[in-house]
Amino acid sequence: MANSVVTTQPEFFRAQAATMREQAEAAVLGNVRDRCLRSAHAWTEMAERAERHRHSVARTAAAKAEAAGDASAQPGLVL
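Numbering (my numbering), first residue to last: 29 to 107.
Hints were generated in silico from the structure; no laboratory data involved. Treat the hints with care, as some may be off.
[What the hints assert, rightly or not] If you anchor each label on the Cβ, the simulated ranges turn out as follows: (1) Thr47 x Val85: 19 to 29 Å; (2) Thr47 x Arg80: 17 to 27 Å; (3) Arg87 x Arg66: 45 to 55 Å; (4) Asp62 x Asp98: 48 to 58 Å; (5) Gly97 x Ala55: 51 to 61 Å; (6) Ala95 x Arg63: 45 to 55 Å; (7) Asp62 x Ala89: 52 to 62 Å; (8) Thr47 x His83: 19 to 29 Å; (9) Gly97 x Ala46: 34 to 44 Å; (10) Arg80 x Glu53: 22 to 32 Å; (11) Thr36 x Asn59: 28 to 38 Å; (12) Thr88 x Thr36: 11 to 21 Å.
Glycine included, C-beta positions come from ideal geometry on N, C-alpha and C.
Generate coordinates for the entire structure from the input sequences, incorporating the hints supplied.
Spelled out as structure tokens, the structure:
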């Protein structure tokens, strides 16, 4: 992972989750394995949350752009 370039939060979070899963597979102690698996799950949840947020922001921006376009097509309407 040190050589790869991670460009977005979800990609970073997924990379961290993959690292934790690898560490879990390599773990000898059960408590270490469990900790790594819990961490991987948390990183995956953060990635999913970041993706949902990114989609929500994009939908909001698209809706605002559409509303601005509709409003500009109506003469006399002041924004």
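Verification of the hints:
no. : hint                      : in the structure
1   : Thr47 x Val85: 19 to 29 Å : holds (27 Å)
2   : Thr47 x Arg80: 17 to 27 Å : holds (23 Å)
3   : Arg87 x Arg66: 45 to 55 Å : violated (32 Å)
4   : Asp62 x Asp98: 48 to 58 Å : holds (54 Å)
5   : Gly97 x Ala55: 51 to 61 Å : holds (55 Å)
6   : Ala95 x Arg63: 45 to 55 Å : holds (48 Å)
7   : Asp62 x Ala89: 52 to 62 Å : violated (41 Å)
8   : Thr47 x His83: 19 to 29 Å : holds (25 Å)
9   : Gly97 x Ala46: 34 to 44 Å : holds (42 Å)
10  : Arg80 x Glu53: 22 to 32 Å : holds (28 Å)
11  : Thr36 x Asn59: 28 to 38 Å : holds (32 Å)
12  : Thr88 x Thr36: 11 to 21 Å : holds (18 Å)
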